[in-house]
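Just so you know, the protein sequences line up as chains Y, F and E, in that order.
Throughout the first sequence, residue numbering follows numbering that gives the first Met the number 0, covering 0 to 643 in sequence.
Throughout the second sequence, residue numbering follows numbering that gives the first Met the number 0, covering 0 to 492 in sequence.
Throughout the third sequence, residue numbering follows numbering that gives the first Met the number 0, covering 0 to 103 in sequence.
Since the hints were made in silico from the structure, they are not lab data.
A virtual CB, placed ideally from N, CA and C, is assigned to each residue, including glycine.
One thing to keep in mind: the hints can contain errors.
Unchecked claim - One-sided excerpt, in silico: chain F residues whose CB lies under 10 Å from chain Y:
| hint | residue |
| --- | --- |
| 1 | F70 |
| 2 | I72 |
| 3 | T229 |
| 4 | A291 |
| 5 | L383 |
| 6 | G387 |
| 7 | F408 |
| 8 | M418 |
| 9 | K476 |
| 10 | D477 |
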Amino acid sequence: MPDTRVILILLFLPLLSFLINGLFGRKLPGSLGGLLATATLFVSFLLSLSAAYSYFFGSVGITGAYETLIPFQVTWLQFSESFSINMGILADPISMMMIVVVTFISLMVHVFSLGYMKGEERFATYYSFLSLFTFSMLGLVLSSNIFQTYIFWELVGVSSFLLIGYYYQKPSAVAASKKAFIVTRFADLGFLIGILILSYYGKSFDFVTLTERLVPAASTYSQAAAAAGFLGISALTWALVLIFVGGAGKSAMFPLHIWLPDAMEGPTPVSALIHAATMVVAGVYLVARLFPIFSLACPGALDVVAWTGIISALFAALIACTQTDIKRVLAYSTMSQIGYMMFALGVSGYGAEEGLGYMAAMFHLFTHAMFKALLFLGAGVIIHYVHSNDLKDMGGLRKALPITGATFLIACLAIAGIPPFSGFFSKEEILLSAYNSNYTIYIIALITAGLTAFYMFRLYFSIFWNKPQVSANEHKHEGTLSMLIPLLILAVFAAFSGFIPFSSFVTSDGIPFETHLHLEFSILPVLLSVSGIAIAWRYYKKPSTVPASVSQKTGSLYRTINKKFYIDEIYLFVTKKLVFQLIARPAAWFDKTIVDGMMNTAAAAAQVFSLSISGLQSGKLQHYAYYFIGGAIGLAILFIYSIA
Amino acid sequence: MNLSLLLLVPLLTSILILFVKTDSVKKLALGGAVAQLILSLGLLFSYWKESAMAEAGKFLFEYKAAWFPAFQINYHVGVDGISVAMILLTAFVVMAGILMSWKVERMQKEFFFLLTFLGAGAYGFFISLDLFLMFFFLEVAVIPKFLLIGIWGSGKKIYSANKLVLMLMAGSALVLIGLFGVYYHANSNTGGFDLTQIASNGIPIDIQMYFFPFLFVGFGIFTALFPFHTWVPDGHSSAPTAASMFLAGISMKLGGYGCLRVATYLMPEAAAHYSWIIVLLATIAVIYGAFATLMQTDLKYMNAYSSVSHCGFVLLGIGMLTPTAVTGAVLQMVSHGLMTALFFAAIGMLYERTHTREVAQLGGLLKVMPFISTVFVIAGLCSLGLPGLSGFVAEMTVFVGAWERVELFYRIATILACMSIVVTAVYILRATGKAIMGPITESKYNLLGDASWNERLAGVLLIAGILAMGLLPFWLKDLVGPGAIEIVQKLKA
Amino acid sequence: MSPVGLNHILFLSSALFFIGVYGFLTRRNLVTLLMSIELILNSVNINFVAFNKYLYPENLDGLFFSIFIIAIAAAEAAVAIAIIINLYRSHQSIDVEDADSLRY
């Protein structure tokens, strides 16, 4: 069992660094702030390694399963007797795996940024935001309470907002940061309502309690949840689907993915950390966290997850083939790979061999973090070198950037699923679990795998080959040591992390099992990937007119894909035209004219009335005397006759 | 602890202000504000100490003296957790408001006199346990606003001052009718105007049904009850910075507190009967206020409309009548008070430097005024309910509490209210993205300076309050909770 | 010829009162208005004295009131004439129709 203090320290160290850099960063000389943040994170990384080690190699063996432990929990906000937001630590295989991934990738990015962001005016601010993000992400993965997850969920959202908008004077960066925040906020609305529904039936916010109460079909809690419903769908399904909407927003699943490509406006290391390796997989993590409830109590919701995942995977892969901005290609590839993880969860069952998809999703999450971070950091070096994001401005860079070229190739092979690189292993298991469960999904996944290999190598060849070689330039060099070392370290992991026997650590029910390579099964996907690479090699290794003519011939189809299926335009139409023009403007008008008009009318009526009787005050003494005497006589008559 | 001190300190300060030299007025006012802050913190600690021993949800530090015996009007004061929270809020906002008025040159003496006097009215309101005394202080807190806006305001200040005071006076008139209704009934039970007496005697249901709407709508006008909220945008936008802060931070809370302490506490059955109307109006205010905010181009109007939306949560929490929701309503009052005061302070600082509040004309101010911009962003993030800041705690408490009402109508109202957090994010980020981020729109902005010491102090003070509530919500929840349970329990009994 | 009784005197006083009222309502000159007021006051005085004399001869309250009224009438006349003089200075007129600036 991991030491509670170790976990608490590794969690709060980044917060400390955030406070130091955020409050005093401007006064720190040079890059001291960045070094400080990197150092604290290095300690965090070591501590999370030790925590994970003591978890994985300490507790198993007694019962044969990895237990879910809550070594620490305090009540943060007690709503009522049964409802409270508890701040705690939940240790189970996936949370222990995630803290290692988060701190490791974050450490790589911290180190990389020392060189990449050198000389930036707001250097310390950048590191404070990075630290805030790391803290929030660690808090998210360690949450023991679904409301705690929501809290850190929002905090990673805001750190992402701050980092995308880091170049705050660039209007496109500002727009992207707003878009990212608002789209994920919209999704979080679903998450919030989902939490409310789920907790209403589970009578708790704690993950462990919720699972205990809602999973057994015979329990009073789950029977109440199954009996209640709205629009013919049971309350539990509503709750899980709404929570999944939150996850889909964060993980950029179709149709809530529109913020992710724009989020590439942030500094490239940020894209590597937040928008490739860690934050965007939060949705996958959330589904995995609630997986027992999804899988055992409500398979219907799991189908939604599966189909959303596979659609996003294919959709993003198609778009990635047509993009020319290096970071956008990577962004769509991220979306596609997360789609892989999602549908792997969606097709998975619960229990040892049944839960292959669950294990494969987590495995892919792990390997993807490694090779995608590597790809983004490599892209950072390239952008640093050519000062452009556009593929047009690149080409023939393999001599100028030898280390980057080699590591980039490794990452591309990994993502394409070529053995023995890491992606091969995780992808094979995902495909196998899809094959065992749903044939349609399996076919789409295969197509996506081929497309992935094609667009990744299209990217690789366009950057490093295609044009005549650019020779090493005296004035420009590949980058500082702090930028290249993370590349090399990540390349090692991208290449070899597939050999980790993942299923003996992370499984749906905590009981380790053995996985075997199925060679005859692997032939087809690998062949597809190789042919994708071959096509890319044929048309992008040297300048060729074929891609242009293909895109010409396919005309409107190509344009639709290139314009990302006009999803952005649809959103713009809905927000600008429908929400703003049809709801907000009438509301403002109604307020100004009708509601305020009512008040002003009341005031005007009072004024008209007072004006109409103000003539009585004529200033003529004798008029007053008339009124007075008339009144006196009137009263006199009244009294006399009423007495009579 | 003697509660009358809370009343005496601001009153004495305001009177002294009239008799000292003009150049020491500011220092005197600030000294008074510091004393109030210390007093209210002292009150918090002694309340903690006392309430640990006392019965939960009871009034402490009671003091009663005859004031107008013929009508059974007494000077009766006492506090429970809810009042302590409101008093703390008042002390924070008063101090920040006075710090933000450091540059007022015109008729300084009168300005600080009115500010301090207004504060006295608010303290008096929150400590009163006698309905007439409460009404008296409610009026004390209204009149200075007329002068503050009419004399030191900007834009169409006369119109706004008239509108604000007339609408609030109409609210007080309704309250007065309600109070008389309660009084004449209670008088036959020898309750007089005494809140605790009336509460323990109870009011017959038919009387409740007649007079609850008067009291609730009357106090509701103060807290921007739809459709009587239109004084909010005009009043806030014309008021000087400190008056805006007081208005949003304190005055609007008088209404929420009154709705809770007078209307709902004394007439629980009527509150339950009219619950759906309150929830309906509150939900409209939340959603409609948020959408109306989207269309505002002036920062102060934006914040004023967002106040309508946020105060809707207060009424929503009260209308839901579950202990958690009522607690959430009080938390939202505190949170909104701190957050809006901070927001208005930030807007005031921007306006003082750039001389415009139009979002379209501002741009890229983060570069030239990092401190003010950070304050603006923090206030905005608090407004859109970022965890770790106070808004989140309050809104979530309201939502969780509202969800305890299982009928479909209340469920839909809650979901609609939840939706406002998305709209809030849109308008806050639009304003922030344009005014704070982005390129600098006018070259003259490059020459502008950042906040001065007093402005920094005001900002830090309010942010400290927001963080104290946002990061460690349990102490405030524990402070407010028993009072809220006490109010709702009367319904069940 | 019957002796002078209360009725005669009341008749006299009401005649005097209505003459005063008539004068107050119809005349333009402020001094004349003042004189009309004096008539009204004196009609009241007569009433007081007459009621005292005929109905409550043992009391003196009516006489006291008359004396009060005479004193007040004197003071009132002094103030009124002062006002009239000031009005004449500012308006060059003592016509009541011209003194209408105190209106809405």
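- Would you list, in rising numerical order, the hints stated earlier that this structure does not obey? 1, 2, 7
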